[in-house]
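Produce the complete structure using the sequences and hints provided.
Number of protein chains: 2
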Amino acid sequence: MDFLNNYLIYLIPVFGVVGIAVMLIKSAWVTKQDPGDGAMTELSGYIADGAMAFLRAEWKVLSYFVVIAVILLAYSGTTVQTSSWTIAISFIVGAFLSAFAGYLGMRIATKANVRTTQAAKTSLAKALQVSFTGGTVMGLGVAGIAILGLGSLFIILYQVYVVNVHGSVNGVEMQKALDILAGFSLGAESIALFARVGGGIYTKAADVGADLVGKVEAGIPEDDVRNPATIADNVGDNVGDVAGMGADLFGSYVATILATMVLGREIVSHDNFGGIAPILLPMLIAGLGLIFSIVGASFVKIKNETDSVQKALNMGNWISILLTAIAAFFAVRWLMPENMNIRGVDFTKSDVYLAIVVGLVVGTLMSIITEYYTAMGKRPVLGIVRQSSTGHATNIIAGLAVGMESTVLPILVLAAGIYGSFHFAGLYGVAIAAAGMMATTAMQLAIDAFGPIADNAGGIAEMSGLPPEVRERTDNLDAVGNTTAATGKGFAIASAALTSLALFAAFVGVAGIDHIDIYKADVLAGLFVGGMIPFIFSALAISAVGRAAMAMVEEVRRQFHEIPGIMEYKAKPEYEKCVAISTKASLREMMAPGLIALITPIIIGFIFGPEVLGGMLAGVTVSGVLMGIFQSNAGGAWDNAKKSFEKGVEINGEMYYKKSEPHKASVTGDTVGDPFKDTSGPSMNILIKLMSIVSLVIAPHLNKTHTIPVSTTQNPIKREIKAPLAANILYKLEKHQ
Amino acid sequence: MDFLNNYLIYLIPVFGVVGIAVMLIKSAWVTKQDPGDGAMTELSGYIADGAMAFLRAEWKVLSYFVVIAVILLAYSGTTVQTSSWTIAISFIVGAFLSAFAGYLGMRIATKANVRTTQAAKTSLAKALQVSFTGGTVMGLGVAGIAILGLGSLFIILYQVYVVNVHGSVNGVEMQKALDILAGFSLGAESIALFARVGGGIYTKAADVGADLVGKVEAGIPEDDVRNPATIADNVGDNVGDVAGMGADLFGSYVATILATMVLGREIVSHDNFGGIAPILLPMLIAGLGLIFSIVGASFVKIKNETDSVQKALNMGNWISILLTAIAAFFAVRWLMPENMNIRGVDFTKSDVYLAIVVGLVVGTLMSIITEYYTAMGKRPVLGIVRQSSTGHATNIIAGLAVGMESTVLPILVLAAGIYGSFHFAGLYGVAIAAAGMMATTAMQLAIDAFGPIADNAGGIAEMSGLPPEVRERTDNLDAVGNTTAATGKGFAIASAALTSLALFAAFVGVAGIDHIDIYKADVLAGLFVGGMIPFIFSALAISAVGRAAMAMVEEVRRQFHEIPGIMEYKAKPEYEKCVAISTKASLREMMAPGLIALITPIIIGFIFGPEVLGGMLAGVTVSGVLMGIFQSNAGGAWDNAKKSFEKGVEINGEMYYKKSEPHKASVTGDTVGDPFKDTSGPSMNILIKLMSIVSLVIAPHLNKTHTIPVSTTQNPIKREIKAPLAANILYKLEKHQ
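Going down the list, the protein sequences come from chains A and B. Numbered according to numbering that gives the first Met the number 0, the first sequence terminates at residue 736, and the numbering increases by one at each position without gaps. Numbered according to numbering that gives the first Met the number 0, the second sequence terminates at residue 736, and the numbering increases by one at each position without gaps.
Simulated from the structure, these hints should not be mistaken for laboratory data. Heads up, some of the hints might be wrong.
Claimed, not checked - Between beta-carbon pairs, the in silico distance windows are:
(1) B/I606 / A/N338: 26 to 36 Å
(2) A/L594 / B/F95: 53 to 63 Å
(3) B/I595 / A/K31: 57 to 67 Å
(4) B/I606 / A/L23: 29 to 39 Å
(5) A/H560 / B/M314: 52 to 62 Å
Said to hold, decoys possible - With a Cα cut of at most 27 Å, we get these calculated DSSO-like pairs of lysine-lysine:
(6) A/K657 / B/K663
(7) A/K663 / B/K663
(8) A/K663 / B/K59
(9) B/K642 / A/K658
(10) A/K658 / B/K663
(11) B/K658 / A/K657
(12) A/K663 / B/K310
(13) B/K663 / A/K642
(14) A/K663 / B/K31
(15) A/K658 / B/K658
To be verified - Chain A side only, calculated, beta carbon under 10 Å to chain B, not exhaustive:
(16) F536
(17) L539
(18) E567
Idealized CB from N, CA, C, for every residue including glycine.
Structure, rendered in structure tokens:
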């Protein structure tokens with residue numbers, strides 16, 4: 000075992016430790032900022048309490064899920080593979096860290112919001128500093144925990160399974176270690192699904208519920224402290240946009256690194272790191288990306304009131320991406336051998352680097368395209384604005400058409416990215432492209448999380464009746480936040496797509512099949528079933544928002560009736576109950592879509608075998624990416640079409656403002672778009688990744704059952720079709736007698 | 000050459016002749032029915048003139064398209080394959096017959112409508128007889144022309160290419176004959192695409208345009224003869240629901256038979272028909288289905304006013320399906336040898352029959368499921384009705400959720416159908432299942448076309464001020480027509496899906512590849528691009544309706560201004576101009592989606608090779624079926640949710656009727672659903688079939704370029720990826736120097 004090799008393995012968790020250390024420093028800095036006067040701290044206290052109430056309820060429900068999942072994972076071990084209990088433990092660690100990352104992000108966001116409001120009293124520069132530092136804390140936390148967790152677990156597994164057993168690197172044992180890491184990723188991604196879908200249902204249910212009873216029935220303004228659901232509404236922003244996005248990217252980040260490691264194992268690599276350089280590379284690049292995200296974040300600052308916040312954010316983003324790209328060049332040169340081969344594709348170390356560049360370009364293009372389709376003043380949103388003048392229906396038709404149209408360029412970019420990265424370095428190229436794209440996740444998340452913090456800050460400023468220049472400054476930040484939210488979604492979809500493909504490739508390798516032939520009828524049937532899943536998943540998520548909103552409406556009505564004095568500010572509404580009701584409803588409603596994602600691959604895989612499962616995964620990925628882009632962009636475009644009316648728009652020579660008929664039509668579109676862009680649309684990312692990870696985890700089991708000898712027949716294709724079903728049932732019956 | 004063989008070949012066009020003869024008799028019967036008084040004949044005359052105006056304008060535009068397509072087809076022959084000019088001729092014949100079938104259907108529908116109104120003065124039984132006979136004329140015409148055309152062309156090609164050249168059956172020459180038949184199918188399906196999309200845009204543009212100016216601006220009632228667009232609106236119903244559906248099913252019918260023939264050629268068959276029994280079987284079953292459709296149609300009658308029209312239609316439908324199933328059993332027994340093999344799958348003649356039964360079951364289940372999701376009084380529509388009470392947005396959300404949810408069962412049925420029919424008889428099983436399902440197309444189309452005839456009849460009764468019992472009778476027929484329209488769409492989607500798969504399989508065989516491996520990066524990229532196409536196609540179709548409606552609005556406004564006396568019934572509006580404007584706009588707007596469908600396979604196929612094209616086709620098919628079901632069912636459910644308010648609905652204990660707030664919200668949903676269910680949704684059927692046929696036609700060319708030897712390298716997969724692109728470009732450059 001080479002010295003450098005051991006050194007590098009231990010270096011990786013150090014990157015995570017550095018990230019966490021910087022996070023703690025920045026977190027302490029945010030905490031010691033002035034939170035403002037009594038009214039402001041009281042408001043932010045309610046939001047923070049509400050966020051904690053959500054987390055407690057969520058953890059309780061998820062703990063049942065984790066217990067059941069762990070029992071199933073451990074049980075599967077007794078029948079098929081003895082090391083499955085380690086996968087179960089790995090699953091728990093992944094689930095815990097994912098939940099912890101969400102907790103961390105929400106904690107800092109609920110502190111940074113009110114401090115941003117206070118800072119906005121002084122200057123825009125100071126407000127940006129506080130809100131963006133809050134975002135940075137979340138970004139560094141998520142990436143730091145992921146790298147520390149993954150890196151440490153890899154060291155332990157490497158020592159236990161690879162080094163101690165054989166004293167040298169062994170392919171089979173390394174695969175066992177990676178199988179266990181897949182359990183870690185499964186735990187992280189499962190929690191991410193619940194966080195994203197539950198959070199998405201939560202935030203929209205609270206939003207609609209608060210509006211329907213507060214604004215419409217009781218006649219009190221939006222964000223009024225007397226409305227029991229108003230805190231739930233504000234908590235919802237944090238739950239959906241902060242914790243949901245954080246858990247999503249945490250899951251993507253871990254899954255991408257893992258998939259690249261699994262594929263890296265297949266490379267016969269004559270390097271100076273005991274042959275595991277291709278396995279270490281994705282972790283190293285992630286570590287470098289984390290460090291350069293810290294560097295890039297330090298460039299996000301402005302001096303004067305008129306400086307562009309967007310430019311400052313772009314500057315930081317570009318610096319972190321460019322530095323990571325340069326560092327990756329040297330990392331590839333240092334680690335990788337000159338020539339490699341994966342599944343028959345030869346490639347050089349330069350090819351690996353070019354694949355990373357492809358990933359960075361794809362991510363950037365996806366963000367730009369998403370911005371175009373959802374930004375105010377561009378053709379798509381202007382079209383929706385214009386069609387709002389002829390009523391609700393034409394507004395809806397226009398938005399749906401924009402959403403559908405917006406799939407074209409992203410799909411072409413993605414297809415070119417897949418083609419290009421594979422061209423350079425085979426399937427390892429596709430995976431490392433995704434890893435390159437995800438390297439600066441810390442920075443991406445900082446930019447994403449900054450938006451809802453600024454949004455909350457504006458709400459607190461409004462509710463506390465602060466002077467207009469404060470609100471102006473937070474509005475400035477909020478507007479930038481809207482743009483970064485849209486581009487963040489484009490980035491998340493692109494990363495999810497590439498990650499899924501990497502996982503897909505990893506699955507194929509682990510399952511021991513060397514092709515997925517859609518020309519076979521059963522594989523094609525799997526493709527159809529897979530393509531349908533994002534549709535039923537979206538249908539469930541969308542209708543869940545409707546049902547959960549009704550539950551919220553009933554609770555608010557109850558409080559108004561049963562607690563006297565709320566309207567006269569004499570009694571404090573039971574915010575926690577609203578939060579708990581919304582949480583319960585959202586977690587209950589998201590069970591069905593979540594279980595579909597988890598159970599379908601297991602059913603298909605065990606009954607029809609790995610090739611049909613592969614066909615199903617391809618269907619889910621293609622359909623999920625399309626539905627994700629369609630719904631997210633349609634929702635974003637409707638939202639900004641509505642926002643356009645706030646400033647006033649010209650349609651056929653006439654000016655229209657808020658409360659005009661076209662504005663009312665645009666509000667309908669925005670309401671339809673809410674569950675699209677904040678519930679079902681972004682859930683597609685996790686859906687496709689989670690189903691791939693489940694398949695990857697069960698792949699070794701499928702492999703074994705698939706190779707059971709069946710009675711020979713003169714009909715080769717028929718046997719192949721019928722074998723898995725018959726063999727699996729027979730196998731299961733024998734085992735359980 | 001066996002006597003029975005020659006006999007059977009010549010028998011097939013005879014089935015077509017019988018169908019056409021019966022059609023002529025029934026057509027003459029309809030024509031000699033009493034068309035009613037002067038006001039009624041004037042109205043129906045306007046509609047008939049409008050329909051002809053549409054056809055003339057359509058033919059003019061399409062003739063350019065046919066000329067360009069023929070030049071391209073003939074040109075491709077000079078470089079690659081010398082027999083391409085015959086494909087071009089075959090294309091013209093297919094295009095002409097498809098257009099002629101549409102003409103025929105529209106002619107009889109515009110005659111039967113007013114005669115149904117007149118018959119409804121007497122009794123429901125008589126009205127049903129006239130309207131259903133009108134539908135039967137269309138059904139028999141479409142199926143008869145298809146069988147006569149396909150059967151005669153096959154005889155000619157068989158004599159020219161197979162018998163005369165070698166004196167015995169030769170696989171290569173037979174393939175050449177089938178390639179030319181593929182040109183026939185391409186011509187038919189191209190015209191079908193234009194008819195369906197153009198018709199879909201036309202009918203919705205006229206509908207919206209007539210309503211916006213007539214009802215909203217001028218304050219005259221719906222279907223008022225003073226509205227220049229009202230005839231266009233009524234023509235639109237015929238153009239969309241009669242001609243569009245007819246062209247669609249004509250294309251499906253021809254494509255299904257063709258695909259089964261192409262796959263049948265691959266079977267080494269030791270039969271009594273010179274080895275071509277598997278090629279003849281689909282044509283024979285189609286012929287039998289046509290005959291038993293005639294028999295079934297004679298059972299569609301009622302005696303008393305209270306008899307169920309739905310039951311009568313179901314009776315006729317079931318009789319034709321059952322008789323065809325029984326006859327198919329004997330046909331299979333007579334024609335097919337005991338044992339066959341296609342691409343490694345062994346199967347018996349019983350397996351072939353079981354595959355046909357699978358197709359019949361799939362078609363039936365799809366119709367039942369579609370009815371459930373779109374019928375009044377069932378859970379999905381009731382849910383939309385309930386959610387209309389909280390506004391426009393919740394109505395839209397509910398409808399979108401219903402549409403997405405409605406994909407689940409059809410996809411499971413389809414997947415099981417693919418799995419089952421393949422299980423019985425390999426890819427030939429999938430194709431013959433589709434052929435079995437399509438066998439009773441004549442009956443299906445009769446039931447479908449009867450709906451719009453009854454609808455038109457009701458409109459004429461209303462406009463002519465006939466007594467209420469006449470309107471009651473036509474309303475009774477119309478209500479049944481709504482149900483059959485929905486089930487017809489389910490049937491059309493299922494048949495399109497199975498047909499596409501059969502064409503897909505045929506393409507793979509003709510292209511000379513034996514797998515489509517989505518595990519390869521470029522094939523997966525193709526899958527993504529294919530999946531995106533139904534989204535951009537739908538986006539273009541939906542926005543086209545909006546733009547075309549605006550053009551109509553401007554023309555109606557112009558006529559109101561420039562022609563004095565319209566409002567006082569002193570001047571006749573220029574109906575033809577409205578019809579022409581709407582036609583022009585719709586044909587212009589549908590060019591872009593049509594060209595995407597035609598050109599994409601050519602680009603992908605020639606640049607990236609047949610395997611990537613196969614991946615793209617799979618993506619188009621899966622995504623197209625999903626988007627088709629989603630949009631058609633969402634639109635149908637919204638429509639019936641709105642219709643539910645006409646009778647009055649109870650929501651939370653309160654009754655709501657027309658003009659209530661929930662009803663207004665349901666109207667918004669219906670308007671959004673209009674382009675969904677009548678423009679983009681049903682176009683998906685033709686989109687997926689047409690792209691498959693284009694691929695099938697270019698497949699022999701791809702095959703040749705694909706097998707050009709390229710410089711050998713040590714990197715097998717890289718070569719495979721790079722080869723088609725480089726080889727094609729080099730090949731083209733060489734050829735054109």
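Okay, the hints, checked on the actual structure:
| no. | hint | in the structure |
| --- | --- | --- |
| 1 | B/I606 / A/N338: 26 to 36 Å | holds (29 Å) |
| 2 | A/L594 / B/F95: 53 to 63 Å | holds (54 Å) |
| 3 | B/I595 / A/K31: 57 to 67 Å | holds (59 Å) |
| 4 | B/I606 / A/L23: 29 to 39 Å | violated (54 Å) |
| 5 | A/H560 / B/M314: 52 to 62 Å | holds (58 Å) |
| 6 | A/K657 / B/K663 | holds (22 Å) |
| 7 | A/K663 / B/K663 | holds (14 Å) |
| 8 | A/K663 / B/K59 | violated (43 Å) |
| 9 | B/K642 / A/K658 | violated (30 Å) |
| 10 | A/K658 / B/K663 | holds (19 Å) |
| 11 | B/K658 / A/K657 | holds (26 Å) |
| 12 | A/K663 / B/K310 | violated (46 Å) |
| 13 | B/K663 / A/K642 | holds (25 Å) |
| 14 | A/K663 / B/K31 | violated (55 Å) |
| 15 | A/K658 / B/K658 | holds (23 Å) |
| 16 | F536 | holds (9 Å) |
| 17 | L539 | holds (8 Å) |
| 18 | E567 | violated (29 Å) |
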